[in-house]
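Colleague: Here is what each chain is made of, one letter per residue.
Number of protein chains: 2
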Amino acid sequence: MRARGSPVQIVIVHVVDDGRDLLSRGVAETLLGARESWTRRMFEQGAALRRAGGGPVHDLSLGNPSLEPPARWTRALHDLLDDPTPGMHRYMTNAGYADVREFIAGREQVRFGLPITGPLVTMTVGAAGGLNVVLRAMMNPGDELLVPVPYFSEYEHYCTNVGAVLVPAPSTASFALDVDAIVSRIGERTRIVLLNSPNNPSGAVYVGENLDRLADALRRLERDRERPIFIIEDSPYRDLTHDGSPVASMMSRYDHTIHLTSHSKDLGLAGERIGYIVLSPRAAGHELLTRAFAFCNRVLGFVNAPALMQRALPRVLGQPDGRVDVEVYARRCRRMADGLIALGFDVLPPKAGFFLFPGLPAALRDEQGGDVVLTERLLAERTIVVPGTAFGVPGHLRLSMAADDAAIDGALAAFERACR
Amino acid sequence: MRARGSPVQIVIVHVVDDGRDLLSRGVAETLLGARESWTRRMFEQGAALRRAGGGPVHDLSLGNPSLEPPARWTRALHDLLDDPTPGMHRYMTNAGYADVREFIAGREQVRFGLPITGPLVTMTVGAAGGLNVVLRAMMNPGDELLVPVPYFSEYEHYCTNVGAVLVPAPSTASFALDVDAIVSRIGERTRIVLLNSPNNPSGAVYVGENLDRLADALRRLERDRERPIFIIEDSPYRDLTHDGSPVASMMSRYDHTIHLTSHSKDLGLAGERIGYIVLSPRAAGHELLTRAFAFCNRVLGFVNAPALMQRALPRVLGQPDGRVDVEVYARRCRRMADGLIALGFDVLPPKAGFFLFPGLPAALRDEQGGDVVLTERLLAERTIVVPGTAFGVPGHLRLSMAADDAAIDGALAAFERACR
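The listed protein sequences correspond, in order, to chains A and B.
First residue of the first sequence? That's 1 in the numbering used here, and the numbers climb one at a time after it.
First residue of the second sequence? That's 1 in the numbering used here, and the numbers climb one at a time after it.
So that you can see chain A by itself, here it is in the shape it has in the complex:
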């Protein structure tokens, strides 16, 4: 695959299996088996390239927000530290500070047009923590979670944690919801439909019309079931739409909805681990569910969302400079999209976030494993991407525009050479 005469030597070091029998079976299978994450594999190959030297590596593999937190957030932390409330760094109730939950509830009330109160909000260690809390609270081994493709590959691990089964559902060619396909995959064991909108990796935002149809279908199914199917809405990119328009939600459309978000992206705080769960006041059993979320937050070892990060939110969210400048990501997406379109890629301009998910040019599209082939060609050109295969959608690549402009320039040049 590698261009002749290229000086790059890629050596993939396989870890010796010494110690496999010390690991739990699930972890051993994943770490040592074929299921090892593509994202991690690409990360390791990028690291090997960097160690080998020979110039810059153009790494578009990671969804690590490159914009720094807004200055208002930094000021909020200084202010909190300068004027401390006694006990503000101690344990609080496992669901989070009551006043912070009230503040979040007030904002979500306006966003969703629902009477959301503080007790319906659970502060979590990011959206990843929140999703694990919800799954642990609700899923028995063998229960099914339905998710439209393409999907964030970590969802598979989160299901494995509780013994649940991830069932993928097809989407349309433009990655819109295919409601009929989702409904046709609902069975007796289906407990939850998980929607990730704006979507990682496709950048698609699910439109209200399709959400209405899905809600109608779930309501019809409810009559014949012992308990309703729940919707989990995972929306960490909801405040990063490129044109600033609001993201349609199931919260106002379907009673049994659990909304999850984090401030990893809009405040650039991925490493600080702050997010939350909002449960619809109309959801079945919502009082018991919120108690279960707090309990699972505790016993899974999160205990509570980081205290200082909780306290900072009311001082930042909704303020004029209380968010990163999404136009930076939008501009990079447009630039990369234009370059790829010129090379024959099929690009749906992303509506939010910082991922592009282009379809391969015709010549490569018809090739078996074309996305993996192109990923390897790009690697030889010192450019790191993730093949669509990793997200259940071969024939695509995921490119993160949470990289700097130099990486994007370098990557575009590499694409030109690799696609020649």
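Because the hints were derived from the structure by calculation, they are not lab data.
One should not assume that every hint holds.
[To be verified] In silico contact screen, one side only, chain A against chain B (beta carbon under 10 Å); selected entries: (1) 124; (2) 132; (3) 133; (4) 154; (5) 157; (6) 191; (7) 283.
[Stated by the list, open to error] Listed below are several chain A residues computed to face chain B (Cβ distance under 7 Å; list not exhaustive): (8) 22; (9) 74; (10) 269; (11) 271; (12) 299.
The structure displayed is predicted, hence computed values, not measured ones.
Each residue gets a CB set at the ideal place from its N, CA and C atoms; glycine is no exception.
Given chain A's structure and the hints, the job is docking chain B onto it.
Modeller: Coordinates of chain B only, in the frame set by chain A:
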């Protein structure tokens, strides 16, 4: 049980079971069943008392550190925010910042006299997060974790998370390790022996001589087993010994040891969720295990320990004012111990931390469920404690001295009335 004429009306509100079938079985059983945590029950009763009004409530039920973080920690945060490194709030590798791990490794190397390097350190969301990571990495359903009584009751939930079985082992009357009792309970499914020293709730510190004997016994067993038994050492109170003496550890005594700690107590940061795992360089399979810890940190939804808290540690730990003043806790422990001894309680002065675990006076000791009876009498006196039954050791009470002096005064007066 309540003193005649007392104006207190305690109404325990039972949550209606509406929604039980929405919960996973394990969570439903715990939240709605008899296993509900005593600590939580006492917390709720305390809250009910407070809502009812009628003067102060003396709450000795919670292990929430009452001392504020040292000023040096606050300065460290200001300094980090004033002089930010690009990307310092983003995701880093799941095991934590390499330089922070190196710094921790350097300190642990000196503490344990072992060649501990950065890769053997995994930064975690507190010790609770770390323990869940280790159990997930190593335990299969049905595997057994042995733990000497009394033990932190959350351990049961952590085992449940991975389908493991907690097997309690007796201790001596003074809560020292009973090595023979531990060894006699080791079976084919035993994977881990979990030691919590300094101990919550007893305040005992396991002595080196007993740890030597345990290490010898585990080494002898190793010959006949496919894989060694691992020791997990959970030591969040290790830097809070009342006389400043170091805590004996298995790290220098037994190869297959995993040490866990957090800064919840020594830095008063329980709500900020920062701790770490240190794996012995002599442990079997240590390279694969550290990889598994990073992987589990990721897929359990922690992703990484909070970034800013990681960064603060090298600026605080080991500095002259880099710790809370443990003498405050020690003084409160002595005061409460003296008062209880005068009332006929059997008190082993705690060696570390802020918990007292007195044995009941003779009259109550002989009564079936005497600890629960006294807990209820104290409740009628507006004083909240946790019965030893919650820790597998009836006939004792757990009293947290992480309360202010007024609560301790009030509680002592309540004890006098309740024990009359």
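Colleague: Next step is simple, just say for each hint if it's right about the structure.
Modeller: Consistency of the hints with the structure:
1. 124: holds, 8 Å
2. 132: Constraint on residue 132 (chain A) satisfied, holds at 4 Å.
3. 133: holds, 8 Å
4. 154: holds, 7 Å
5. 157: Where the cut-off is 10 Å and the nearest Cβ of chain B is about 4 Å from residue 157 (chain A), the hint holds.
6. 191: Where the cut-off is 10 Å and the nearest Cβ of chain B is about 9 Å from residue 191 (chain A), the hint holds.
7. 283: At about 9 Å, which falls below the 10 Å cut-off, the nearest Cβ of chain B leaves the hint on residue 283 (chain A) intact, so it holds.
8. 22: holds, 4 Å
9. 74: holds, 5 Å
10. 269: Since chain B brings a Cβ to about 5 Å from residue 269 (chain A), closer than 7 Å, the hint holds.
11. 271: holds, 3 Å
12. 299: Interface hint status for residue 299 (chain A): holds (4 Å vs cutoff 7 Å).
The structure fails none of the hints (numbered hints given earlier).
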